[in-house]
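Participant: Top to bottom, those sequences are chains A and B. This note's numbering puts the first sequence at residues 72 to 403. This note's numbering puts the second sequence at residues 24 to 117.
The hints are simulated quantities; they were obtained by calculation from the structure and are not laboratory data. Among the hints, erroneous ones may be present.
The list that follows gives simulated cross-link-like pairs (lysine-lysine, PhoX-like), each with its CA atoms no further than 20 Å apart [what the hints assert, rightly or not]: (1) A:K396 to B:K55; (2) B:K38 to A:K113; (3) B:K55 to A:K400; (4) A:K122 to A:K155.
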Amino acid sequence: MYTQAMDTAPKEERKAVRSAEEAELERRFDARIDAGDFIEAKDWMPGHYRKTLVRQISQHAHSEIVGMLPEGNWISRAPTLKRKAILLAKVQDEGGHGLYLYAAAETLGTSRDEMIEALHSGKAKYSSIFNYPTLTWADIGTIGWLVDGAAIMNQVPLTRCSYAPYARAMVRVCREESFHQRQGFDSLLVMMQKGTREQKAMVQDAVNRWWWPSLMMFGPPDSESTHSAQSMRWGIKRISNDDLRQKFVDACMEQAKVLGVTFPDPLLKWNEARGHHDFGPIDWDEFWRVVGGDGPCNRDRIAARVKAWDDGAWVRDAALAHERKRAMKEAA
Amino acid sequence: MKTEWPLWEVFVRSKAGLDHKHCGSLHAADPKMAIQLARDVYTRRQEGTSVWVVRSDQIVASDPGDKDMYFDPAEDKVYRHPTFYELPESVNHM
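Using the sequences and the accompanying hints, generate a full structural model.
Facilitator: Listed below in structure tokens is the structure:
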């Protein structure tokens, strides 16, 4: 989910000649992975393992921070104080999750400044789902239900990722994430059970717009995800894109029945032989366009992040200057 | 000039009676800010009765490369383990 665009990244030049010592270190590393051992920050690891994780964890962190924007958009317009407080708490959580993940990525040797620079320049990606606009209040509930639902499905297996600082951050995230999905579903349920005809239509409209992008969150089909195999071998990825996507569809169908909404897919139906729901083809052209920078909100999202960073520079500098002055005074 | 705030490691005691556990790191300009941010970032679900922050460059750690060598002396001293000793059934709960 957070490895979008890794398939299109330039192929790494793997050093042809390795010392005997390095080959032995790699053999021992593979044995630890196969034994289900955890890798910690200062352990030896293959360069490619480190690079893959820096990329994935930092893109996960970027996703959390950018993900604050579409929902932050509705804090001032939440219909009640209760919903406003809930949304504030959720968005604050997302900020916190981004911070856990930046901290985890930094254990691998990258710096906050480097990661922020990569995001702002477009070199690093964030989950494509956050390039869609939140047009109505029902979008907020729908994001909680579908987008956080998809994220949870992806994040639970990551609590067993072979790289321990990432796995531990995921445990923390998962504990906080479940209220995100529940509050969204709750918000939609209230509108579908007690709302006006217009409110129910608003919910269905939001679901119609967010369904396919949510399915795309799980990434390209397994057959087209070339780096997935290596990630699976290294215990970074535990369940395939397609398997996760199928699990998600099956879970959502049950939940949609409770809400009384439908999904915009005429081919969605239970397949008794497979024991799963069949669903229609995903528009992968849309996915690659949005990942590539041509979604409805890509430019706005990055502009908002760059502005926040640039406008905050004086605060960061002032805090450091204040501390240096204080330290000098103390030393005198 | 890069002006990143220094890195701090955060330790939280979630309940009286438990140890402080390492839960991650954060950037802060000074000690007071580090403690406040640690509370904001790592105790949003009331998981903290006590928070410690330590500048990361103050942490002294064993070298994981020396793991085997460093901890090896403890490995073959099986007499440190209770299961090494076979006792009569009536006192085996010791």
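Participant: Would you list, in rising numerical order, the hints stated earlier that this structure does not obey?
Facilitator: When the structure is compared with the hints, numbers 2 and 4 turn out to be violated.
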